[in-house]
Amino acid sequence: MTKSIVYVGLLSLALAGCQAKPEEAKKLPILGSREPKVTMVDGTPKVDTVYHSIPDFAFFNQDSQRVTQETVAGKIYVADFFFTSCPSICPKMKSQMLRVYEKYKDNPNVILLSHSIDPTHDTVAVLKEYAERLGVDSKKWHFLTGDKDTILDMAQKHYMTSALEDKNAPGGFAHSGAFLLVDGQRHIRGHYDGTMAPDVDKLMKDIDLLLQEEKK
Amino acid sequence: MFLTRALIVLCSLGLGAVLAGCFTERGKEGKLLYGRHCANCHLDNGEGLRGVIPPLAGADYLDKHREELACLIRNGINGPIQVNGRMYNQAMPGNRGLTEADITNILNYLHSEFKNPATRMSLDEVKAQLQQCP
Numbered sequence: 001m002t003k004s005i006v007y008v009g010l011l012s013l014a015l016a017g018c019q020a021k022p023e024e025a026k027k028l029p030i031l032g033s034r035e036p037k038v039t040m041v042d043g044t045p046k047v048d049t050v051y052h053s054i055p056d057f058a059f060f061n062q063d064s065q066r067v068t069q070e071t072v073a074g075k076i077y078v079a080d081f082f083f084t085s086c087p088s089i090c091p092k093m094k095s096q097m098l099r100v101y102e103k104y105k106d107n108p109n110v111i112l113l114s115h116s117i118d119p120t121h122d123t124v125a126v127l128k129e130y131a132e133r134l135g136v137d138s139k140k141w142h143f144l145t146g147d148k149d150t151i152l153d154m155a156q157k158h159y160m161t162s163a164l165e166d167k168n169a170p171g172g173f174a175h176s177g178a179f180l181l182v183d184g185q186r187h188i189r190g191h192y193d194g195t196m197a198p199d200v201d202k203l204m205k206d207i208d209l210l211l212q213e214e215k216k
Numbered sequence: 001m002f003l004t005r006a007l008i009v010l011c012s013l014g015l016g017a018v019l020a021g022c023f024t025e026r027g028k029e030g031k032l033l034y035g036r037h038c039a040n041c042h043l044d045n046g047e048g049l050r051g052v053i054p055p056l057a058g059a060d061y062l063d064k065h066r067e068e069l070a071c072l073i074r075n076g077i078n079g080p081i082q083v084n085g086r087m088y089n090q091a092m093p094g095n096r097g098l099t100e101a102d103i104t105n106i107l108n109y110l111h112s113e114f115k116n117p118a119t120r121m122s123l124d125e126v127k128a129q130l131q132q133c134p
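For the record, the sequence lines run as chains U and Y.
In terms of the UniProt record's numbering, the numbers along the first sequence are unbroken and rise by one, the last being 216.
In terms of the UniProt record's numbering, the numbers along the second sequence are unbroken and rise by one, the last being 134.
Pulled out of the complex, with its shape left as it was, chain Y reads as follows:
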C-alpha cells in the first residue's frame, strides 16, 4: 500500500517535471531557433547589416509580405527586395531542415521580439503558406 502510494507520488512528480521542461523549452525555442538560423546575418537585435542585410526589427516587409514569410524562411530569397524604402540585394539561403513548427516558432519570436508581423502566426497558417510555396 505504502509502496504504491509512493510510486504514484513519484510518477506524478516525474510527469510534472517532464511537462514543466516541455513548456519552458517551448517558450525558449523561438529564441534558440532565431539564434541558430537567423541571428548570424540579421543580428541578435534584428537590425541587420547596414545597407547589406535588411533589418527584421521595425521592418515593413514582414507585414506587407506576411503571406510569403514561411516560404521565405524555408526556401530563402534571391534578387532585390525593398525594406523600409531601401533596396537590398543579398541572397538569403534557405533553411530546408526547419519543420512547420520551427518556422511558426521563429515567426512568433519575430512578432514578440520585434513587433512585426503585427499579429501572431498559427501553425495552420504556416502550414497553408508552405503548401503554396512558389
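Isolated chain U, as found in the complex:
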C-alpha cells in the first residue's frame, strides 16, 4: 500500500517535470526556407543561416502615403490580403483584424498591413472610405494598393499565402484568409487563419511573445 503511494508520488513528480517548460522554449519559430551562407573570416570558413525574409516593398496606403520596409523598420507587423468588394471571407477577416487593432492601437511597435489584391478597383479613395467606415487610424492600420502583379507576387512568393485572380471565385479573386506575423527583421514568425477567432487569439498571444523578444 505504502509502496504504491510512493510510486504514484514519483509518477506525478515525473509528470510535473514534463510540464514545466523553460522560458526559452517559448520563442516563436522562424518560418520558411533557410540556407547556409559561408563567409571566410580570417582565413577560416564561418557558416551563417540565412532565413527567409520579406524583401523591400513600396505600396500606397489609404492616405496616399508611401508605405515601405522603412514604415515597419524595427516594428512587428501583421499582414493579410483582401479586397474591399470581397463577398466571401474578407468581412470575417476584417472583423478579426479589428480585434487585433483594438488590442494594439496604442502600441507604436505593432503595425497592420492589409494588402488589396484587387488594386484596380481598390484605389486610394476606395481604401480611404473603407478605413474611415471601419473607423481605424491610418498610422496603425495601412490599407495598401499598388501594382497588382507585385502584390500578388508578394502574397504568393514572400508571405507564402495564396492570392490569385480567379474568374470562378466569388468576387473574381481566390485567396486564403491568412494573417502573417512578421518580426523586426522581416522574418515570418507565425501563420494564422484570420477567419477563426481561436487562431486570432493565438496570434495575439504570439504578438505579446514577440514584443517581449524584440525588447531584449
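Quick caveat, the hints were computed from the structure, so don't treat them as lab data.
Where hints are given, some of them may not hold.
What the hints assert, rightly or not - Just the calculated beta-carbon pair ranges, DEER-fashion:
#	chain 1	residue 1	chain 2	residue 2	range
1	U	209	Y	131	53 to 61 Å
2	U	49	Y	84	36 to 44 Å
3	U	214	Y	133	24 to 32 Å
4	U	170	Y	89	18 to 26 Å
5	Y	124	U	107	54 to 62 Å
6	Y	122	U	107	46 to 54 Å
7	U	120	Y	89	15 to 23 Å
8	Y	35	U	209	30 to 38 Å
9	Y	101	U	29	48 to 56 Å
10	Y	35	U	33	17 to 25 Å
11	U	69	Y	131	52 to 60 Å
12	U	109	Y	101	47 to 55 Å
Note that CB positions come from ideal geometry on N, CA and C, so glycine has one too.
Keeping the supplied structure of chain U fixed, place chain Y upon it in accordance with the hints.
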C-alpha cells in the same frame, strides 16, 4: 405470417427514421443556409462589420422593410441604405439559387436568432413578395 409482421415492423421503423431525419434537417436548415449564404459578411452572430456591412441582429431595417426582404435576399442590393441611424454603402450580391422555401427558412432563422423581423414569415408571404420584386 411472421415474415410479414417483421416486414411491417421494419418498414414502420424505417419510415420513422426517415421522418425524424426530415424534421431535424428542417429545424437546422435555416442555420445551415445562414452559415452558407449570409454569415461570411454578416457574421455568425449577425453583427456585421463595423461601418461597412450592416448588422442583422437588432437591426431596425428588417422590420421597416419587411415586405422587401425576400427580394433583397434573392437579388441583392446596391446603393446606400440606413440601418439603426447609420448609412451603409456596400453592395450585397444576390442569391438567385435559393428557393422560396430556402428564403423563408433564412428569414425565420433571423427571426428566431436575432429577434427581427419581429414575427415569423410564412412561405406564402415570401412567395407573394417574390412575385412583386422590382
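Status of the hints after comparison with the structure:
no.: 1; hint: U:209 / Y:131: 53 to 61 Å; in the structure: holds (59 Å)
no.: 2; hint: U:49 / Y:84: 36 to 44 Å; in the structure: violated (55 Å)
no.: 3; hint: U:214 / Y:133: 24 to 32 Å; in the structure: violated (57 Å)
no.: 4; hint: U:170 / Y:89: 18 to 26 Å; in the structure: holds (20 Å)
no.: 5; hint: Y:124 / U:107: 54 to 62 Å; in the structure: holds (56 Å)
no.: 6; hint: Y:122 / U:107: 46 to 54 Å; in the structure: holds (53 Å)
no.: 7; hint: U:120 / Y:89: 15 to 23 Å; in the structure: holds (20 Å)
no.: 8; hint: Y:35 / U:209: 30 to 38 Å; in the structure: holds (33 Å)
no.: 9; hint: Y:101 / U:29: 48 to 56 Å; in the structure: holds (50 Å)
no.: 10; hint: Y:35 / U:33: 17 to 25 Å; in the structure: violated (38 Å)
no.: 11; hint: U:69 / Y:131: 52 to 60 Å; in the structure: holds (59 Å)
no.: 12; hint: U:109 / Y:101: 47 to 55 Å; in the structure: holds (53 Å)
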